[in-house]
Each structure stands twice: as structure tokens, then as C-alpha cells.
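A.B. asks: Chain residues, written in single-letter form:
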Amino acid sequence: GAVVSQHPSWVICKSGTSVKIECRSLDFQATTMFWYRQFPKQSLMLMATSNEGSKATYEQGVEKDKFLINHASLTLSTLTVTSAHPEDSSFYICSANRAGQATYEQYFGPGTRLTVT
Amino acid sequence: DAKTTQPTSMDCAEGRAANLPCNHSTISGNEYVYWYRQIHSQGPQYIIHGLKNNETNEMASLIITEDRKSSTLILPHATLRDTAVYYCIAPLNYKYIFGTGTRLKVLA
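Residue numbers (the numbering used here), protein chains in the order written: chain A, 1 to 117; chain B, 1001 to 1108.
Among the hints, erroneous ones may be present.
As the list claims (entries may be wrong) - Far from chain A, some chain B residues (derived; all Cβ distances over 10 angstroms):
1. 1005
2. 1007
3. 1009
4. 1041
5. 1043
6. 1049
7. 1058
8. 1079
9. 1082
10. 1091
11. 1099
12. 1107
What the hints assert, rightly or not - Once the Cα atoms are required to be at most 30 angstroms apart in a straight line, the calculated BS3-like pairs of lysine-lysine come out as:
13. B:1003 x A:64
14. A:66 x B:1069
15. A:20 x B:1069
In case anyone wonders, no lab produced these hints; they're calculated from the structure.
All of these numbers come straight from a predicted model, not from anything done at the bench.
Each residue gets a CB set at the ideal place from its N, CA and C atoms; glycine is no exception.
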């Protein structure tokens, strides 16, 4: 159990366009979802935390108008990269906490590789 | 989150035990220690977590020192598929802050 999926697994887009990435918890309800970004040979960097039905909390230095996060249901969160530029090319990973879980275990998705040309 | 410190890289012979240390000297009394690993171009995979007592599951064992300032993840019989970056995390709340992790290379 506790499977998280992401769609698409990879995407190539042109500079200036917007890209939406979906994160779904397949077999559990997720009260909190997290979005991370990972550049080559670097660690995961937390971008934002989202709770179902409320606004996301962004980490310092992450532009909320550029990275739009929507957590409309207990099984779906979306990250939209608006007006993408080549420097936004990265590996984007989401994770989720299971609703009612007593521990802080996060279940991670497989990641989405974004390339902006 | 308590700050965690791990060696940058380690090698281990296939079939031998891999012992991966983590220092978390600023950990508070109610912070668990979590271990994840990330195989190239995939999302992190949960391995194990603990608070005070040593823990074991089908993947690994976790040894936590009595003062809780450090821990060791043990893969009892490392295989080539265990080659990955291993992260030790001590979250105070639901938010994870990833350090650099240890890049484990299992050698044939």
C-alpha cells in the first residue's frame, strides 16, 4: 500500500509555456502533500507544503506565483510551472503523508523530469 | 529538523554488511530518525525509522545510540541493487529537510 503516482513522468516544453504536474495518492488519503525539486547530483530541496483545501506554504526563495500548487482533494495535488524557463529544468518529486498516520513517514512519487528548451 | 551529517560516499563489497552512519547530535526527544534511499532518477524509497530502540525490518536494521545523537543503518547482505544515495532525516514536524546523503556503491 501507500503508492504515490506522478504524471507525466517526463515532459519537454518550450520556454514561456506552462506545465502542469499531477501527484496522486492511489490507495490512501493524503492530508498533506509536499513538492521537491532536485537538480543533477544534488539533494532534494523542499519547495512547498500543501494541505487539502488550503493554500500551499512555500519555502523561502520559492516564487509562489511561478510554482502554483493546488491540493483540491485528499488524493490529488498539482504543481504548475508558469512561464517556464530553461533554469526551471529539473526533477520534480512529490510526496504525501497518509491521513490519520501517527508518524511523519512520507510516501514519494517516482518524479517528473522537466526539460525546458 | 535536527541537522544530520553523513559521510559523502561509501563502498561495500557485495554480500557484506553495509553500515551507514548518521550524526544527529541536535536531535530533540520527540524527533524520530528516518532513513530513505534514492536510486538514480527515482523518488526516495522509505527504509526504516526509529525513536529510541533499535529497529529491524525486511530491508534493514537501525541502531540508535543511547544518547540518540547518532544512528547506523545496516544492510546485512548488500547486493548490487542496494547501490543508491541513502538519506538520514530527523524531522521535528511533517517537513523533511534532506541533507547530502551517503552515496553507497556496492561492488561486485
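A.B. asks: Next, verify each hint and record whether it holds.
C.D. replies: Status of each hint after checking the structure:
| no. | hint | verdict |
| --- | --- | --- |
| 1 | 1005 | 13 angstroms, holds |
| 2 | 1007 | 14 angstroms, holds |
| 3 | 1009 | 12 angstroms, holds |
| 4 | 1041 | 7 angstroms, violated |
| 5 | 1043 | 4 angstroms, violated |
| 6 | 1049 | 7 angstroms, violated |
| 7 | 1058 | 15 angstroms, holds |
| 8 | 1079 | 21 angstroms, holds |
| 9 | 1082 | 18 angstroms, holds |
| 10 | 1091 | 5 angstroms, violated |
| 11 | 1099 | 6 angstroms, violated |
| 12 | 1107 | 21 angstroms, holds |
| 13 | B:1003 x A:64 | 26 angstroms, holds |
| 14 | A:66 x B:1069 | 39 angstroms, violated |
| 15 | A:20 x B:1069 | 41 angstroms, violated |
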